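Participant: Read off the chains here:
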Amino acid sequence: MTLDLLAQAAPDPGVVSTGEAVVFWILGPISLLGALGMVLARNAVHSALALVGTMFSLAIFYIVQQAPFLGFVQIIVYTGAIMMLFLFVLMLVGRDSSDSVVEVLRGQRLTALLLGLGLAVLLVAAVARSLTAVTATGLAPDGPGYSGNVTGLGAQIFTDYLFAFELTSALLITAALGAMVLGYAQGRAHTKRGQRATVEARLRGEHDRISPLPGPGVYATGNSVAVPAVLPDGSIAPESISAIIDATPVREIEDEPGPDARALTGGRHDDTAEESR
Amino acid sequence: MTPTYYLLLSALLFSIGAVGVLVRRNAIVVFMCIELMLNAVNLSLVTFARIHGELDGQVMAFFVMVVAAAEVVVGLAIIMSIFRTRRTASVDDANLLKY
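Each protein sequence line maps, in turn, to chains B and L. The end of the first sequence is residue 277 by my numbering, with every number in the run present. The end of the second sequence is residue 99 by my numbering, with every number in the run present.
For reference, chain L alone in the conformation it holds in the complex (with noise of 0.2 Å):
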C-alpha cells in the first residue's frame, strides 16, 4: 500500500459532495455537499505533501481551511437573510438575486 490511495479516498470524497450538489435542494445542505468537496481536496493537499516531502501542501490544505471558514459564515448569513424575507430555505425557491 502506498499514500496513493488516499489520492483515490480523496477522488471518491470528491465526487459524493459533487453529485449532492447537485442532486439536493435544500440550500444548507448543498452547503455541506460543498465542505465535503473541500474537505477531500485538502486530504489530497496533504497526501501530495507526504509524497513530495515537502510542506507546502499543508500549508495549501491550511489556506483553505481560513477561507472554508470564511465562506461558511457568509453563505449561512446569506441563507438565513433568504430565508427571514421568503421562509424557505430552498435553492428553487430563491430566484432573485436579492432578498
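One chain only, chain B, in its complex shape (with noise of 0.2 Å):
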C-alpha cells in the first residue's frame, strides 16, 4: 500500500517531488543537529537519545526512498533494539560516567576537528560532481526485477545474496555466544573455593586453626550464646564466643539488691534447693 501512495505521489521516482523535498530540507537539519548533539553532549544518555532521533529520521528518509522495509526495520531493529541496549548497558555501567575533560594526548580534539573536516570536504567534493552529473534512474514500481519492495528484497536475498545470508546466520549465532561467554565471564577473584580446595588449605595451614572455631556453651554449666565454651583440660575457649557478644557493655544486675523470692520461704527452702542441685 505504501508503493502504491509513493506511485501515486512522484509519477517519475527518480525525480525528487515536492514533498520529499520538504521532508528532506526539515528531517536533515534534524538528523545533523542530533548528530552533534551526539558528539558534544557530556552526558551519555543525551548522547544516546540524540542518536535515536538521527536515527528515526533515518528511518523517515529511508521510507521516503522507496525502501519501506528497511524504514520500518531501522525503526525495530536499531532505536527499538540496539539503542535500548546501549541504555541498558549505560544504566548498568553507571549513568554519571561522563568523560572527563582532561586532554590526554596534547591537541588531540583540534586535530580530530581538523581531520573530520578535511574528510567532509573530501567526500563532499567527491559527491558535489554528481549532483549534476548523475540522473536518478529510480525504483519504478514496475522496475526490473521489481515488484513490492518486500517481494524484491526478498527474492535478492534468497537467490543472489543466498550465501551472505547464510553466513549472516552463523555470525549472529557466533555473537549470540560470544555475549554469553562474555557476559558471564568470571575472573579468577570471583572464582568460589570448594569444600576440598578448603579442606586442604586448612591441612596446609593456611588458616589459623585446622578445626572450625567451638560453639559457645559446649561443655559448659549453660548452653547461652554468652557463656564461653570449656576445653577438655577444664579450661575456658575464650574465641568460641563471638566479638561481638565480648564487646557488648553488660549492665551489671548482680549489684542491684532488688526483691528476693527466697526472702518469702524464710530461707529453709535454699538449702534443700542447694542439695537438689
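Be careful, since some hints might not be right.
Stated by the list, open to error - Derived coverage of chain L by chain B (criterion: at least 3 residues anywhere in the stretch with Cβ under 8 Å from a Cβ of chain B; other residues may be distant): (1) 17–28; (2) 58–69.
To be verified - With beta-carbon atoms standing in for the labels, derived distance ranges: (3) V134/B <-> D93/L: 41 to 51 Å; (4) I26/B <-> R86/L: 35 to 45 Å; (5) R86/L <-> M91/B: 14 to 24 Å; (6) D93/L <-> R42/B: 15 to 25 Å; (7) D56/L <-> A126/B: 17 to 27 Å; (8) R87/L <-> M84/B: 22 to 32 Å; (9) R86/L <-> L33/B: 28 to 38 Å; (10) D56/L <-> R109/B: 32 to 42 Å; (11) R87/L <-> L162/B: 39 to 49 Å; (12) F158/B <-> R86/L: 38 to 48 Å.
Treat the hints as calculated values from the structure; they're not laboratory data. Small disclaimer: the values here were computed from a predicted structure and weren't measured. Beta carbons: idealized from backbone N, C-alpha and C, even for Gly.
Got two chains here, separate frames each, mind docking them using the hints?
Facilitator: Laid out in C-alpha cells, this is it:
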C-alpha cells in the first residue's frame, strides 16, 4: 500500500517531488543536529537520545526513498533494540560516567576536528559532481525484477545473496555465544573455593586453626551463646564467644539488691534447693 | 533537487561520527559514533539503490544492519566485562587486551 501511495505521489520515481524535498529539508537538519548533539553532549544518556532522533529521521528517509522495509527495520532494530541495549548498558555502567575534560594527548581535539573537516570536504567534493552529472533512475514499481519492496528484497536475498545470508546466520549465532561467554565470564577473583580445596588449605596451614571454631556453650554449665565453651582440660576457650557479644557492654544486675523471692520462704528451702541441684 | 543531496547528508553524518570516535573518551559513546557512521553508510546505500534503480543497495544496507546488530552485542558485552573488573568505561584506562 505504501508503494501505491509512493507511486501516486511521484509519477517519475527518479525525480524528487516537492513533498520529499520538504521532508528532506526539515529532517536533514534535525538529523545533523542529532549527530552533533551526540558528539557534543557530556552526558552519555543525552548522547543516546540524540542518536535516537537521528536514527528516526534516517528511517523516514528510507521510507521516503522507496525502501519501506528498511525504514521499518531501522526503527525496530536500531531505535528499538540497539539503542535500548545501549541504554541498558549505560544504566549498568553508571549514568554519571561522563567524559573527563582532561585532554590526554595534547591538541587531540583540534587535530580530530581538522581531520573530520578534511574528511567532510573530501567526501562532499567527491559527491558534489554527481549533483548535476547523475540522473537518478528510481525504483519504478514496474521496474526490472521489482514487484513490491519486500518481495523484491526477499527474491534478491534468497537468490543472489543466499550465501551471504547463510553466513549471516552463522555470524548471529557466534555473536550470541560470544556475548554469553563474555557476559558470564568471571575472573579468577570471583571463583568460589570448593569444600575439598578448603580442607586442603586448612591442612596446609593457611588458616589460623585446622578445626572450625568451637561453638559457645559446649561442655559449659549453660547453653547460652554468652557462656564460653570449656576445653577438655577444663580451661575456657575464649574464641568460642562471638566478638560482638564480648564487646557488648553488659549492665551489671547482680549488684542491684532487688526484691528477693527466696526471702518469702524463710530461707529453709534454700538448703534443699542447693542440695537437690 | 536530486537524490544526490542524500549523499551529501550521508557524508556529513559520517564525518561527524568519525570526529566523535576520535574525540570522545567514553567507550559507549564511541560505540554510538560507530553506529552513526554505519547509519550514514546505510543512507548512502539506499540512495544508490534509488539512483541505479536496482535493489542491491537495499540488500547491502540490510546486511549492514545485521552485522551492526551482532557487533553491538559483542562490543557491549566486552565493555561490560571490562567495566566489571576495571570499574571504568573510559578508553584511556583499558590498556590491556584482557580483562
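Participant: Determine for every hint whether it applies to the structure shown.
Facilitator: How the hints compare with the structure:
1. Counting residues of the segment 17–28 of chain L whose C-beta sits closer than 8 Å to any C-beta of chain B gives 10, which meets the bar of three, so the coverage hint holds.
2. For the segment 58–69 of chain L, the assignment as covered by chain B holds, since 10 residues bring a beta-carbon within under 8 Å of that chain's beta-carbons and 3 suffice.
3. The hint said 41 to 51 Å for the Cβ distance between V134/B and D93/L, and at roughly 47 Å that hint holds.
4. A hinted range of 35 to 45 Å for the beta carbons of I26/B and R86/L is consistent with their spacing of about 44 Å.
5. Between R86/L and M91/B the CB atoms are about 18 Å apart, so this pair conforms to the stated range of 14 to 24 Å.
6. Restraint check, D93/L to R42/B: a C-beta distance of roughly 18 Å satisfies the suggested window 15 to 25 Å.
7. For D56/L paired with A126/B, a C-beta distance near 21 Å keeps the hint of 17 to 27 Å intact.
8. About 24 Å separates the C-beta atoms of R87/L and M84/B, a value consistent with the hinted range of 22 to 32 Å.
9. Between R86/L and L33/B the beta carbons are some 34 Å apart, a value that agrees with the proposed interval 28 to 38 Å.
10. At about 39 Å, the beta-carbon gap between D56/L and R109/B stays in the expected band of 32 to 42 Å.
11. A hinted range of 39 to 49 Å for the beta carbons of R87/L and L162/B is consistent with their spacing of about 46 Å.
12. Between F158/B and R86/L the C-beta distance comes to about 45 Å, which sits within the given range of 38 to 48 Å.
Violated hints for the displayed structure: none, as all numbered hints are satisfied.
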